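Chemist: Here is what each chain is made of, one letter per residue.
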Amino acid sequence: MMRALSPEQVVIVGGGQAGGRCAEALRAAGFAGRVTIVGKEVHLPYERPSLSKEMLISDEDESIAWVRPEQAYAEERIELRLGVTATSINRDRRELHLDDGSVLSYDALVLATGARARQLTVPGADSVPLHLIRTIEDSRALRSRLSAGTRLVIIGAGFIGLEVASAARHRGAEVTVLEAADRVMARAVPPEISEHHTALHRSHGVNISLGTSVVSIAREGDAIVLRGSGGETFVADVVVVGVGIEPNDELAREAGLETDRGVVVDAFGMTRDPQVFAAGDVARHYNPLLKQHILLESWQNAQNQAIAVAKVIAGGDAPYAEIPWFWSDQFGVNLQVIGLPSADAKTIVRGTSGQVPYVLLQTRNGRVLSACALNAPRELRFARELISSGAVLDEAMLGDPDVRLADIVRDVKQRKVPA
Amino acid sequence: MSEQQLVPLCLISDVTEDLPVKAEIKGEEVAVFQVGEHYYVTQNLCTHGPGELAEGFVDGDEVECPFHQGKFSIITGKPTAAPCTVALRTWDALARDGQVYASTTPRSGGGEAA
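Order-wise, the sequence lines are chains X and Z. Just so you know, we're using the numbering used here here: the first sequence kicks off at 478 and counts up by one. Just so you know, we're using the numbering used here here: the second sequence kicks off at -11 and counts up by one.
Bear in mind the hints are in silico, worked out from the structure with no lab data behind them. Treat the hints with care, since some could be wrong.
[Said to hold, decoys possible] Pairs of lysine-lysine, DSSO-like flavour, derived with a Cα cap of 30 Å: (1) K10/Z x K66/Z; (2) K14/Z x K890/X; (3) K59/Z x K14/Z; (4) K10/Z x K890/X; (5) K768/X x K59/Z.
Since the structure is predicted, the reported quantities are computational estimates derived from the model, not experimental observations.
Start from the sequences and build out the full structure, keeping to the hints where you can.
Modeler: Listed below in structure tokens is the structure:
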């Protein structure tokens, strides 16, 4: 690994979870130089999971999870430049230019610019107000529009769309979810979990329309009318778009750094410029466990990959190597996913499919590849041990609900099961 | 600790090194752990989020919260991995006659980690 020579000034672009954790971890690793966070948002760094969950259910903001309390930044000499946008990087001079005209010098630059919610581009989309969920302001704006009887149409049945559906039903809204694919959360979970969650939502009164993309949107009086690909129409008071996010990688691209829907970095979070790093949602990083570059839009990655980058800048030599892990909470069901579910893996269900709690394991050649757990977080954690062990296991045993995963893990650790 | 201050939590056979259990002390939920020959008691609810540590994953003398995978020392209650920063309250525990007992008042906890 090439290494920047003991940096004295670290500038972090991006004041979200990754930016905040990176700064915190620099200090925890003993970095004594200057640390500056440049954040476009006016808020202190915060975690985004509650924006589509608790934040929409409550009328207050108590569920916002700040990365650190305000005084921690002063105590640890972390400078905050909030409400300011970075406009360009001059890599030759090692300078970051900001939209308030100021220039920050760096020895190490961390791009933690995150991602933005993808906009809908169908005809009429720019003629009506469409809600996106990415910031505190987005959540406040949406919840103020959700009350009993509100006709809400959500475009996209990914984690965000379905979490918004769950929260909106809490507030008594009439909820319709339109999904272009033939199942919900298709990018993130195996079909069995999609089926479970479709049934879960329908049992709570959510109208889910699969295989339905929106072809046009128009305003009719106070209402918004969406036209579906099957010719049907949906009438809404409020429309939420949850069709994925786009990494904010323009700053890197314009600075001549390699991007590929995200800033391309190695397992240490380093670009080809040894003084520029990327962390969090924007970092298409090499994962040594998966042996591929991967862009992860997750809480885990925003925290831990950013911490790994901080440790490297502070002089460490450990790569970021974790198995991807996601969670989602909908209608009181905690879904957790570990590993990358694959379309061609073998599926083993522990418990009764469709009834919580249950665990779904995916295997290939007897090795556990991924796991999904519904209201069974500890089981998922044992599954993680099985995935990282790489052990070849008896699939009948894996599927036997009378054999505890804890016991299988214990056997693997005691090498009773050959790795 | 004196005998009068002890409260029974669970059977020794209820708890193993990799599977802690939930119990109660004066109406408060606690998690009971076994590390080696010894038993330890911490508050059940994580100090960061809505995770239950009795449902956590035990790795040596640390417990990993099932919600966000932050970690605490089972022995001291101190946070050992992000995002946890506030220590768990802990109670003195002892095993006797097949039962795990704890003191009725917590020993430590609360406050930011050093």
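Chemist: Under the constraints set out in the numbered hints, which ones does this structure not fulfil?
Modeler: 2
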